[in-house]
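Asks: Build out the structure end to end from the sequences listed, making use of the hints.
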Amino acid sequence: MSETPPDAKTTPHSMTAPISLALGAAMAKPPKKFNQLAVAYSVSTLVVIASLIAGMAIKQWLAASNIMLVFLPSVLISAALYGFRPGLWASLLSAVAGTYFLSSPGDPFAVSDPANFWAIMIFTLVAAFASAMAEQSRHQAATAEANARITDQMYAFSQKLAGIANADELILAALTQVHSMLQVDALILIPGQNNELDIRVALPPVDRLTFADRNAANWCVEHAKPSGGDLRVWPDATHLFVPLRTGQGVVGVLGVNRGNQGTYLTPEEYKLLDALANHAAVTVERAAFGAHVEEARLIRETEDFRNAMLSSLTHDFKTPLASILGTISSLRHYGSRYDAQTQDEMLGTAQEESERLNRYLGNLLDITRLDTGTLKPKSEIIDISDIVGAVLKRFQGWPEGVRIVTAITPDLPMVPLDFMLTEQALFNILDNALKYASYGNVVIRATSTASTCTIAIEDTGPGIPPEYLVRIFDRFYRVKSVDRQRAGTGLGLAVSKGFTEAMGGKLVASNRPKGGAVFSMTFPIARTAVQPMLSMVVNNPLEPLPTREPKAAASG
Amino acid sequence: MPDNKVTILIVDDEPAIRRFLRNTLAVQDYRVIEAENAEAAAWSVRHEKPDLIVLDLGLPDRDGLELIRDWRAALAVPIIVLSSRVDEKTKVAVLDAGADDYMSKPFGVDELMARIRTALRHRFTSQGTQPAFSTGQLEMDLVKRLVRVRGEDVKLSPKEYDILKELVIHAGKVLIHSHLLREVWGGETAVDVQYLRVYIRQIRQKIERDPERPEYIVTESGVGYRLQMHE
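Just so you know, the protein sequences line up as chains Y and V, in that order.
Going by this note's numbering, the first residue of the first sequence is number 1, and it counts up by one from there.
Going by this note's numbering, the first residue of the second sequence is number 1, and it counts up by one from there.
There's no promise every hint is true.
[As the list claims (entries may be wrong)] Interface residues of chain V toward chain Y, partial, derived using beta-carbon atoms under 10 Å: (1) 14; (2) 20; (3) 21; (4) 23.
Simulated from the structure, these hints should not be mistaken for lab results.
All C-beta atoms in this analysis are idealised placements derived from N, C-alpha and C, irrespective of residue type, glycine included.
Replies: Next comes the structure, spelled out in structure tokens:
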């Protein structure tokens, strides 16, 4: 698109006008309608007639040569209300009416006294001049008002832009402003891959540009000058294009189009368009900058994540491995010197640590399943107490010192869940709670409302600092630096949250007023959820649960 | 409890690691005391006067590196560091701060026991350097400036001798590159690790049976060298 169109020498308007000059549509003078003219001249005439009547009423107290002053207010009123021409009309009418007072008694329109003649002439001049002045001040007032309105709009516009963070919304907001202030169809083109201009956003939506429009837009970017519309550069283009210029050069093109009427803008509209284009340019730049920041943030997060993962792998694999290897090598070298009890204790350590390593590996695999999207949760009607029972079985004989207490609402509804995932999610939360609660009870509480069912795990640990309540679910995240914490705590909660959300639930952490943390898993209860047929009071979930037939009920 | 047993303090927040260390050391007639965090460790060092400290770097309340610096300033207890951190920077920092040895987790207990013995022996002999030293088939007489391997005299250049002497004085202990450079070359600033590598290579060719598989001067990758003790 490097060919130069027929006449590209000049552009009709300097596009660098500051915003205070951008008077825009408000100042474009539409041709006055006949009605408006009729009203203007009629009112002016009536005002002069009123002055005439007033003049006759006070004639006896005025010197003949001063009588013309009576008409001056009528002229000023007409000029102030309707401008120069009605004002001039009022002056001439007043001059004619004045001759009535100043003429000789026998001949109403013959002014015999030269002094009176001059009085009328000077009055007419002064009145005409006053009309011109009134017109000008009227014009200035209108200008100031229009200016104020545009400034208000632009200010509101900037305020609005300042509140938008999303790049697409930013650019759309800028375009909407152009659309509404200039009453035009508008679009913004931004160079994409291979520097081809792409329609970033258009009002109303546009899929593609005509050949002439595309050429005009490209020319506009290359030369950083307006093109198309009523300019001589690419006059075939239906749009008028102005470059979006920033300190870094042209970041895009703003195109406007008045549809069938052709895109002809008044000089004031050009100035407004230019001001709006400046705004749009800053907006586009800001949007691009925002995208860069977002990209950089993503890269940084990925890097952080990778580092956290490496530290975690190092620590969480090596710590149990160190215990296993140390224990086994000790047994191998000094086994004969150990008594039976010590040998058993050491073998127990090796077993526990192997199990811990296995759990950590399981979590790592679960996280991978979540990440790769291969996780397909089932939706079966599940009894929460059943899950709690299964989890407690896994903890049997394990926790030392801390008691696990269950508090499950007797008539808890059945919930559509994936049994294995829910069990693992609950297990990890409980595992975490037991790690931090060194005394007291860990309570598993299950409650329900009309639409949700909640399993809460309350512990008596130190609680979670408020600033970590959300981050605690991040992968590989620990409240303290990685290898200062117990191994294996960096993934469990992330898995729990991932599983819970995969089943449509929510997992949040909070602190109890009395101290300790509480993790709440909340699941929606489907409308078709089958209510338990038996009341389920489970005081000791390790006991086998009473047999029930929820399946039969579910199918019915 | 005034008995003659050597007391070893184990500082680690992992109960499983403390458990196997405690058992392993106990059957070898060491007295073992344990600390699960830096605060408890500091208390034990003050009140129980351990003969050696086995320290995990990642403690819940303080970084192990700070503990080493604190202790080094005040006492001469050998410190063996255990850590799952594997980067050379940490190793160098730990040794530079004054730790006697560094072991990466996971490790076999026999290796740790050997390091503990070396550190303890060093502790009991470091008051005055022994004029004569021998390990395996390597002998060195620091008074007569003689080096003998497998019964034969070895001729070393003055720099080679100085390096070997420094390793022998700290036998069994890792000497970081900067330590050797400082001790052997003194204030010369233009000397770098490359020089050291060249000299070590020459010494190995003179004293090792197979310089590619050294028995005496072993390399601690990226950290330094150690004179391996043979029992």
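Asks: Answer holds if the nearest beta-carbon of chain Y is closer than 10 Å to that of residue 23/V; otherwise answer violated.
Replies: holds (5 Å)
Asks: Any CB of chain Y closer than 10 Å to the CB of residue 14/V?
Replies: Interface hint status for residue 14/V: holds (6 Å vs cutoff 10 Å).
Asks: Could you check if residue 20/V really has its C-beta closer than 10 Å to a C-beta on chain Y?
Replies: holds (4 Å)
Asks: Once the shortest beta carbon distance from residue 21/V to chain Y is found, is it less than 10 Å?
Replies: holds (7 Å)
Taken one by one, the earlier hints all hold for this structure without exception.
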